[in-house]
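S.K.: Listed in order, the protein sequences are those of chains A and B.
Numbers -3 to 108, taken from our numbering, label the letters of the first sequence in order.
Numbers 4 to 119, taken from our numbering, label the letters of the second sequence in order.
Quick caveat, the hints were computed from the structure, so don't treat them as lab data.
Below, a sample of chain A positions facing chain B; criterion: calculated Cβ distance under 7 Å:
no. : residue
1   : LYS38
2   : LEU42
3   : ALA93
4   : LYS95
5   : GLN100
Keep in mind it's a predicted model, so treat the numbers as computed, not measured.
All residues carry an ideal CB built from backbone N, CA and C; glycine is no exception.
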Amino acid sequence: QKEVEQDPGPLSVPEGAIVSLNCTYSNSAFQYFMWYRQYSRKGPELLMYTYSSGNKEDGRFTAQVDKSSKYISLFIRDSQPSDSATYLCAMSVAGGAQKLVFGQGTRLTINP
Amino acid sequence: GAVVSQHPSRVICKSGTSVKIECRSLDFQATTMFWYRQFPKQSLMLMATSNEGSKATYEQGVEKDKFLINHASLTLSTLTVTSAHPEDSSFYICSAWTSGGADTQYFGPGTRLTVL
Chain A
-3 QKEVEQDPGP LSVPEGAIVS LNCTYSNSAF QYFMWYRQYS RKGPELLMYT YSSGNKEDGR
57 FTAQVDKSSK YISLFIRDSQ PSDSATYLCA MSVAGGAQKL VFGQGTRLTI NP
Chain B
4 GAVVSQHPSR VICKSGTSVK IECRSLDFQA TTMFWYRQFP KQSLMLMATS NEGSKATYEQ
64 GVEKDKFLIN HASLTLSTLT VTSAHPEDSS FYICSAWTSG GADTQYFGPG TRLTVL
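Use the sequences and the hints to build the structure in full.
M.R.: What follows is the structure in structure tokens.
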């Protein structure tokens, strides 16, 4: 069993839809949770960074962490074609210069 | 801020040759840099962690004699793939972390290595 599981998709939705992306994990020691966006042949770009459980909102993006269920989510409101990318969840046991464990990534396409 | 660059962005080499990839933090000093590889449609797998002035720490299964990492300064780390073979073809991505900034890693744009 992988430490972090993420449905690879692909996921295709119409423009303007609310997108829900999810990851589950098995290591209860994870404390830091991140979502990265990666365009084709580019490096990952940090979207959201959350410590422990709870919600965090940034513009059209909302990250949720439920440590009791070992489940994290990223919601994208009013999705745009420019949001089409691969979304990677990542986690670490501690902050700072710590090893990140990534999910497989979900390929998302927003159709105009 | 927090820009990380990689050079080259793409390299094609013959089997048996060595290739060097550079990772630079452009506007901050990176105490720690990480090297990842990513196969098509797969996630990033950590290869090694390097701290400035110290030997790199390699993940299990990564050959340290094949993937040489040097972190000679706070803004530059290099990955050298020695005696490259076609199975080494991959997307190599570095990330950098600084103790003085946000508590997360910033990624470079990646280097596509193709070994013929």
